[in-house]
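J.: Sequence:
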Amino acid sequence: MVYFDSWDEFVSKSVELFRNHPDTTRYVVKYRHCEGKLVLKVTDNRECLKFKTDQAQDAKKMEKLNTIFFTLMTHGPEADISDVSGKEQAEQQQPKKGRGRRQ
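All the letters of the sequence shown, read from the start, carry residue numbers 1 to 103 under UniProt numbering.
No lab work stands behind these hints: they were computed from the structure.
Don't be surprised by glycine CBs; every beta carbon is placed ideally from N, CA and C.
Incorrect hints may have been included.
[Claimed, not checked] No more than 30 Å apart at the CA atoms, straight line, and that leaves these computed lysine-lysine pairs for DSS-like:
1. Lys37 x Lys61
2. Lys13 x Lys60
3. Lys52 x Lys30
4. Lys37 x Lys50
5. Lys13 x Lys52
6. Lys30 x Lys61
7. Lys52 x Lys37
8. Lys61 x Lys41
9. Lys41 x Lys30
10. Lys30 x Lys64
11. Lys50 x Lys64
12. Lys64 x Lys41
[To be verified] Label-pair distances were calculated between CB atoms; the ranges are:
13. Glu35 x Arg99: 21 to 27 Å
14. Gly76 x Lys41: 18 to 24 Å
15. Glu47 x Arg99: 23 to 29 Å
16. Tyr31 x Arg99: 20 to 26 Å
17. Glu9 x Met73: 19 to 25 Å
18. Glu78 x Arg101: 19 to 25 Å
19. Val29 x Glu78: 40 to 46 Å
20. Arg99 x Met1: 48 to 54 Å
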């Protein structure tokens, strides 16, 4: 079990782990209320990578990691993730115009 201090290093090692073992790799997000910490774990049952944080701004980083893993899971481990970003994709989607009642 390896704890990472650097977010970028954690993400790169997690993506590398997924690409090497796409069928067995999984990730878990856990919030420890007693410590006030968010713990992210990526494992393939042989290697376990963990990142622990208590910063609220890291929640956005977690969202980006989630988007990266969804891209890899849907498009395969050879997918290009260089242009993946959760916030940019959300901004590109146009809001739907409702046909509800005017107030």
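J.: Please go over all the hints and tell whether each is borne out by the structure.
T.: How the hints compare with the structure:
| no. | hint | result |
| --- | --- | --- |
| 1 | Lys37 x Lys61 | holds, 15 Å |
| 2 | Lys13 x Lys60 | holds, 19 Å |
| 3 | Lys52 x Lys30 | holds, 10 Å |
| 4 | Lys37 x Lys50 | holds, 12 Å |
| 5 | Lys13 x Lys52 | holds, 15 Å |
| 6 | Lys30 x Lys61 | holds, 15 Å |
| 7 | Lys52 x Lys37 | holds, 7 Å |
| 8 | Lys61 x Lys41 | holds, 14 Å |
| 9 | Lys41 x Lys30 | holds, 8 Å |
| 10 | Lys30 x Lys64 | holds, 16 Å |
| 11 | Lys50 x Lys64 | holds, 16 Å |
| 12 | Lys64 x Lys41 | holds, 15 Å |
| 13 | Glu35 x Arg99: 21 to 27 Å | violated, 48 Å |
| 14 | Gly76 x Lys41: 18 to 24 Å | holds, 23 Å |
| 15 | Glu47 x Arg99: 23 to 29 Å | violated, 52 Å |
| 16 | Tyr31 x Arg99: 20 to 26 Å | violated, 39 Å |
| 17 | Glu9 x Met73: 19 to 25 Å | holds, 22 Å |
| 18 | Glu78 x Arg101: 19 to 25 Å | violated, 49 Å |
| 19 | Val29 x Glu78: 40 to 46 Å | violated, 25 Å |
| 20 | Arg99 x Met1: 48 to 54 Å | holds, 53 Å |
Of the numbered hints stated above, those contradicted by the structure are hints 13, 15, 16, 18 and 19, listed in ascending order.
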